[in-house]
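Given the structure of chain A, go ahead and fit chain B onto it with the hints provided.
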Amino acid sequence: GENVEQHPSTLSVQEGDSAVIKCTYSDSASNYFPWYKQELGKGPQLIIDIRSNVGEKKDQRIAVTLNKTAKHFSLHITETQPEDSAVYFCAALFPGGNEKLTFGTGTRLTIIP
Amino acid sequence: NAGVTQTPKFQVLKTGQSMTLQCAQDMNHEYMSWYRQDPGMGLRLIHYSVGAGITDQGEVPNGYNVSRSTTEDFPLRLLSAAPSQTSVYFCASSFVGRNTEAFFGQGTRLTVV
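Heads up: the sequence lines are chains A and B, in that order. For what it's worth, my numbering labels the leading residue of the first sequence as -5, then goes sequentially. For what it's worth, my numbering labels the leading residue of the second sequence as 420, then goes sequentially.
Only chain A is shown next, with the shape it has when bound in the complex:
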């Protein structure tokens, strides 16, 4: 089955600096890669996603890059703010898996004021 590895497990950055979280996946047929943000006491919420026919996608301070050859994708947050503190999960969906998403183990991001 699909396997998704996520690094780092914890990340602390100064407010205003950038944060990068990286994930690798095992199944080269995976074609959809969402990122979820989970705030304390809440369910995960989609913040950005990318499909396998695109190399990069941006949405204001958030961007995701995908390298299909290397089978890895990354989340980039620029100009970090205190409200960016949360747990972030990457995920991959591989075709033929009945829409099953495989999640990474999560990154706890802390923004230091």
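Each hint should be verified, as a subset may be incorrect.
Cut-off 16 angstroms, straight-line C-alpha distance, at most; resulting in silico cross-link-like pairs (EDC-like, lysine to aspartate or glutamate) [unchecked claim]:
| # | chain 1 | residue 1 | chain 2 | residue 2 |
| --- | --- | --- | --- | --- |
| 1 | A | Lys31 | B | Glu520 |
| 2 | A | Lys31 | A | Asp78 |
| 3 | A | Lys62 | A | Asp43 |
| 4 | A | Lys31 | A | Asp53 |
| 5 | A | Lys65 | A | Glu(-1) |
| 6 | A | Lys65 | A | Glu(-4) |
| 7 | A | Lys94 | B | Glu449 |
| 8 | A | Lys16 | A | Glu50 |
| 9 | A | Lys16 | A | Glu(-1) |
| 10 | A | Lys36 | A | Glu77 |
| 11 | A | Lys94 | B | Glu520 |
| 12 | A | Lys65 | A | Asp21 |
| 13 | A | Lys94 | B | Glu478 |
| 14 | A | Lys94 | B | Asp475 |
| 15 | A | Lys94 | A | Glu(-4) |
| 16 | A | Lys36 | B | Asp457 |
| 17 | A | Lys31 | A | Asp43 |
| 18 | A | Lys62 | A | Glu(-1) |
Honestly, the hints are just simulated from the structure, not real lab data. These numbers come from a predicted model, not from an experiment.
Using the frame of chain A, we list chain B on its own:
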């Protein structure tokens, strides 16, 4: 907009007891799933359904049953609770075949003593 509603939010069970975690969505999503979230292990898929009357096992199905009699509801049953089932449980829903956002409920924190 209700989205995905899970009940209860918190539950304490004694070993051997059974219970049902409820999940309902009002977005007419075909796909519904249950995950458990444990520290350092991300979100692991328990069971999923691609439509009413169709269910299948995920990564960690042992000790859990599901049914899908309607599009809206997808209850998760713990047959005989064990301390290893202490976790936070999330229900999610999405459309099938469109690689679109999965919506999560707020979670149920279950403790088995």
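**Q.** Restraint check for Lys94 (chain A) with Glu449 (chain B), where alpha carbons must lie at most 16 angstroms apart
**A.** The hint holds at about 13 angstroms.
Q. Do the alpha carbons of Lys16 (chain A) and Glu(-1) (chain A) lie within 16 angstroms of each other, as the hint requires?
A. Holds, at about 8 angstroms.
Q.
Can you confirm whether the C-alpha distance between Lys94 (chain A) and Glu478 (chain B) stays at or below 16 angstroms?
A. Distance ~10 angstroms between Lys94 (chain A) and Glu478 (chain B) Cα, so the pair holds.
Q) Hey, Lys62 (chain A) versus Asp43 (chain A), does the alpha-carbon distance stay inside 16 angstroms? A) holds (15 angstroms)
**Q.** Hinted pair Lys31 (chain A) and Glu520 (chain B), Cα distance within 16 angstroms
**A.** holds (13 angstroms)
Q. Is the hinted pair Lys62 (chain A) and Glu(-1) (chain A) satisfied, with a Cα-Cα distance of at most 16 angstroms?
A. holds (15 angstroms)
Q. Within a Cα-Cα threshold of 16 angstroms, do Lys36 (chain A) and Glu77 (chain A) meet the stated pairing?
A. Answer holds: Lys36 (chain A) to Glu77 (chain A) is near 14 angstroms, not above 16 angstroms.
Q.
Hinted pair, alpha-carbon criterion (16 angstroms max): Lys94 (chain A), Glu(-4) (chain A). Please report holds or violated.
A. Judged against 16 angstroms, a Cα distance of about 10 angstroms means the pair holds.
(Q) Would the hint linking Lys65 (chain A) and Asp21 (chain A) be met if the CA-CA limit is 16 angstroms? (A) holds (8 angstroms)
Q. Does the structure keep Lys31 (chain A) and Asp53 (chain A) at a Cα separation of 16 angstroms or less?
A. This hinted pair holds, its Cα atoms lying about 14 angstroms apart.
Q. Can the restraint linking Lys31 (chain A) and Asp43 (chain A) be considered satisfied, given a maximum Cα separation of 16 angstroms?
A. Judged against 16 angstroms, a Cα distance of about 12 angstroms means the pair holds.
**Q.** 16 angstroms Cα cutoff - pair Lys16 (chain A), Glu50 (chain A)
**A.** Holds, because 14 angstroms separates the two Cα atoms, which is no more than 16 angstroms.
The structure agrees with every numbered hint stated previously.
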